[in-house]
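Residue numbers (the working numbering), protein chains in the order written: chain A, 1 to 135; chain B, 1 to 499; chain C, 1 to 494; chain D, 1 to 276.
Incorrect hints may appear among the rest.
Okay, the calculated bits of chain B under chain C, using three or more residues with CB under 8 Å as the criterion [said to hold, decoys possible]:
1. 42-55
2. 350-361
Not close to chain D: a few residues of chain B, all C-beta gaps over 10 Å, as computed [stated by the list, open to error]:
3. 62
4. 113
5. 116
6. 132
7. 214
8. 269
9. 277
10. 279
11. 366
12. 373
Hints listed in this document are in silico derivations from the structure and should not be mistaken for laboratory results. Ideal Cβ placement from N, Cα and C applies to all residues, glycine included.
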Amino acid sequence: MTDFLELVVAKYNYWIYITLMMIGLYAIIAKNNLVKKILGMNIFQTAIILFYVSTGVKEGATIPILEHAHGPAHGAETHAIHAADYMNPLPHVLMLTAIVVGVATLGVALALALRVYRHYNTLEEDEILAQIRKK
Amino acid sequence: MSQQYPALVVVVPLLSAFLISPAGWANKRLCFPIALVALAMATGSAVGLLFRVMNEGVIVYRLAGWDPPWGISYYVDHLNALVLVVVAVVALANLIPAKKSIEREFPDNQGAFYTLYILMVTGLLGIVVTGDAFNLYVLLEIAALTGYGLLAMGEGGRAPLATLNYLYMGTIGACFYLLGVGYLYIMTGSLNMVDIAGLLPSIYESKAVVAAFIICMVGVWLKMAFFPLHAWLPNSYTYASSPASSLIAPLATKVMIYVMIRLILTVFTPDFTFITLSISKAVVWLAVVAIVMGAFLALKERSLKKMLTYIIVAEVGYMVGGAWLGNRAGMTGAILHIANDALMTLCVFLAVGNIVYRTKGHHFENLQGLFKKMPFTMGGFVIGAVSIIGVPPTCGFFSKWYLITGAIQSGQYHFMVALLFSSLVSVVLFFRVIEISYYEPFSDHHGHGHDHHTTPMEEAPLSMVIPLLIVAAGLILVGLYTGDIVEHIISFAVPEGLV
Amino acid sequence: MTDTIVSIKPLLAVLASLLVTPILASSRSANVREAWTFAAAGVKFLLVVSMLPTILKGTEIVYTVVEFLPGAAIQFRVDSFGMLFALVSSSLWIVTSAYSIGYMRGLKEHSQSRYFVFFAFALSATVGVAFSANLITLYLFYEMLSLATYPLVTHHQDEEARRSGRKYLLYIMGTSIGFVLPAMLICYDLSGTLEFGRQGFLAGTGAGRTLTAVLLILLVFGFAKAAIMPFHSWLPAAMVAPTPVSALLHAVAVVKVGVFSVVRVITGVFGTELLLSFNLNWILLVATSATILIGSLIALSQDNLKRLLAFSTIAQLSYVVLGVSLLSPKGMTGGMLHIAMHAFGKITLFFCAGAIFVATGRKNISEMIGIGKRMPVTMGAFFIASLSITGLPPCGGFWSKWYLLLGSLEAQQMAVVVVLLASSLLNAAYFMPIVYKAFFCRPEESLFENKVEEAPAFCVVPLVITAIISVVLLFYPQPFLRLADMTVSRIVGI
Amino acid sequence: MKIIGLIIALTTGGFLVYAAVDFPDWADPQSPASTHVSPHYIEKTMEETSVPNIVTAVLADYRTFDTMFETTVIFSAAVACFFILRTFLREEERRERLYRHVLTGVTVRVKEGGKIPPSDDFERIDDSWIPHDLIIKTICRLLVPFIQIFALYVVAHGHHSPGGGFQGGVIFGASIIVLAMSHDLRTVLQRIGEKVVGVLCAMGVLLYAGTGALCLLLGLNFLDYSALAPVLGVGPVMARSHGILIVEIGVAIAVTTAMVWIYNNVSSRGKYDEGL
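In isolation and in its complexed conformation, chain A is listed as follows (with noise of 0.2 Å):
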């Protein structure tokens, strides 16, 4: 019993981006209106980004930023640096990119939104569909 605390207890951040990521799937898939779904796919995406930078974090390492280093200029005692002593960068680099791709998907749902709205003056799915339906 004890092992299966500690090992929920030592993996916590992947229940996390999973609930999460559960919760949005959901939102996409049973919510009526369609902001709710979009709001429901933000989620989603931001449940993996949460997924994604927790892989890159090392125990006691700092920000992957070398502070001590002033320049190459005079560099000659800069001590070798050890890779235990900071994070992981790429999960970030990458997750830069998954941010960026976020927006831009809201800011063209957002759009798509509108212009369903601007035809059937609803967000309703079922009363978009009923409108359809009665054509």
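Dock chains B, C and D against chain A, hints included.
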């Protein structure tokens, strides 16, 4: 200059997109020539790259000069060189006829349309040529976003609504793929496809790698509209404008099938996919369901374009089933069908584009008497239809040949039966359309009284008919030279591991 | 192995009519178009005849267009059997072109250029099938023929044409995609090649008895153009087409392609030894005998002349398949010879039916009482042709019936002998009344005054020519008999 | 639909949990992710690109191809929003117009067709306009320059501190959007026209891709900044650092204008009237 082909294929269209957008503001007539030159150069370098690959084997191109696992690099082998050429040729062949309908449908924001068009092609070319898993996700998003932009401007309110649904499903698919890449990154520490393939064998048994594979697959299946996840495709392609749908229909799903085959062959290597995992039989059954349902749903459609979209869903079933048969013939058939199906779908959608350009509608009622009024367009349509049915001289027959041989060799006869069933249904589908345009006299129901300026019904403009006939002739040529394509290109693309 | 020479002639023969189609489509005046059709027909016939001497010497002409896979390529191999069929179809095309000019002009049919274009297209496919060296080339031209004949069958573009066109396609395309395609791929998978060898390529592959039986059924019934019983009903429905179409295509080109493919399958794909060792040929014998008897019986009850001829064609086609599936040398010779004999006989009958329709507008036999007095020449040719079909001495049909009977005796198939004799009786039973009513009817029932008024010359001359040919064939059946003998001797290996 | 959504969410969630068991623990330094590729970045960045901020180095040099396409994503999203929403039809001439006298706050209604010549003391407002609020307008007008200076700092200082093209660009874009929200879209459009925004956005990404193409023309592979050494007259390592800076500026321009462009289109539903 030939050393730089891998980069030129993607960079030239990219740079041209950033020239077209300002040109759209300055003067609209510049956009089309820039786009044409850019795509022509991209096609040229793609063909050059294919010949280089055929001579020198795999080409590694280090972006920004860094070695593979650290920087992003391209691994151009026979598989993606072939698909690259297909994408470039289809995009170029679609640009020329699209000019007239763009001028009619989007008179004031042509610059934006051409920019989205070129960016979409750049995204697709990038997906095919890249060797980095994460870079593939970014390009996936470019292709998706520009796709949403292009598809949104269609008929009334239906197009944005269908595109919005496409956006939801597409984003979920892309995020699943991203999650799969994340799982692989955690377990192996690298993002480069070949590097991952090197690190994976030691941890094949771990649950995370199996999960990564399944999540990637679900994401890719969602993006390619594989049957249970296909709900977004029919509406979004039907209500889109004709130039947009005749660009996206032939390419978007085929590039995703290329991604699936790349995952199976290079990243997870066939022995993991077919031996360690035992789901290939189930996937072939899913493909059978996809083919049967795709063909079946196409039967009840009264709109020509919507019928074709369901045929695309069935064709996706062909390729997924072929790839998952697990033997050389099936995989060759799947890869060959990517090229053939792109050409066939392009030919048929160009014909629909011409019809819509003249009759302003793509329902069966608009098709009456078209053989008399638009003989060349309908001629091209018949060749495309015959190729989809799978009649010998055209290329559709030969990919069915490999797929059925693969099914026979692997003993999965249900896949063969599905292929034959869908061929028979497409005979019924296409000849129903041909009957309408052949028998029913041209009833000029447009001219009902008040609008006297009905454009005299005659053949679509020359710049739209000639590309269609060239593509139709291309179908027969590709069919005739299937032997050379398979022998020189595809037989190298399928690894020896696959017997 | 017989020595082969490589020459482009077969490809030229196939393309001769194909290349002329754009000219036909774009020619403005009718005369120019008809002149071009005649030119193409003449060139094709000359090309085929030019290859005849080399074939008669026993050499074969091979030409490969493009190679897909090791065993499958678009390849032409002109052997004696292919030459026999090509000779028949190309010669009859000339005659039919003349006839269709008369017919089309006589009835002022619409969109004639489309008719001539697809006619030429269909002929090139027919010759393609004749010269194909392997199953995939044969399948390619077979499908091309189905697509080329669809617009011809549905020429009148009315509701009835639409229904029969739909039925025509469903049967032909349905069976070819549903049966032939999988069978062809299974054969390719088993044997690695699709070449029509001396002995079928399935011989050495160790395929089990049941698999061979399944493949046999798939391939034989797959080629639905041979109109063997379960898949025959497209032929009567296709009679809605104009008469020259049903004359050349549904008496000569299309149905003979079906029968030719079935014979190619029996001799080239399976080979006589394999079928004999598994004695699978009883399946074919039963099917074809049933077709012959039922076809002839239905023909008895038909009133519409063209439907009668359609059902008689169904019966006659199964003679060919019956002969070949006897697997005895004489029987196979008879079967192959019957292709030529039946072609000339049946085309004359269809020409007469067309001429009667052009001259009097009558379609049903009941309305043709006493027509002999009005159109003596046409009805005379009709009488000769019906004799040839029933296999009586003054016409060439006699030879093929003669060889068929000898073959069935040689193969000790007494039942087949009975079937052959019974069907000959039935043939006589449904042809002779027509001839009797035409000539010897009692005056008061005759519906026509007795002034002679024939169909236009362009219709009558061709049918007279073919009638004369079918009589000449009795005395000089040489080119076809010689070719049939050579094919059989090569197969049986004596 | 709700039940299907719940079932799908639960099954996928269960599957992900089942798969997460094999993952390395949180923050464990020996996890494959932190031992295979990233040690090279951490140890080699200083000597190869002389950029202390490793994230910016990886972003703009090691994986610069990714970032170029990332900027293209922003650009394509902006063009897509423009294409979807922008309508150019001029049908609102016939409606009556409302003006406000700036000093007194009096609103003037002008019948159809009539127009008050542009002058400082009258500003155009529209019927669905929320009441005029002096405090917000003056504070925002004061804040904007400081935000913009901070944004430029973030862009320029990407090498040494957290920041870079994207973050700086977004802050700069936010400053313009603050102005558009507090006043109305027309005041922003008078300062920065729609054409300027569209062209600048393309130019930003073109700067990025153009630098890469320049390296291509100078002989090395695409986006390999060490090729710029002879052009910039510095060593290959410093050339990489300067290359990163140029690229960051390109990104900043692109992101700023993309944000503004998307806001303009989405807030005014493509009509470019008074916005939110």
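Here's how the hints hold up against the structure:
{"no.": "1", "hint": "42-55", "in the structure": "violated (count 0)"}
{"no.": "2", "hint": "350-361", "in the structure": "violated (count 0)"}
{"no.": "3", "hint": "62", "in the structure": "violated (6 Å)"}
{"no.": "4", "hint": "113", "in the structure": "violated (7 Å)"}
{"no.": "5", "hint": "116", "in the structure": "violated (6 Å)"}
{"no.": "6", "hint": "132", "in the structure": "violated (8 Å)"}
{"no.": "7", "hint": "214", "in the structure": "violated (8 Å)"}
{"no.": "8", "hint": "269", "in the structure": "holds (19 Å)"}
{"no.": "9", "hint": "277", "in the structure": "holds (14 Å)"}
{"no.": "10", "hint": "279", "in the structure": "holds (14 Å)"}
{"no.": "11", "hint": "366", "in the structure": "holds (27 Å)"}
{"no.": "12", "hint": "373", "in the structure": "holds (33 Å)"}
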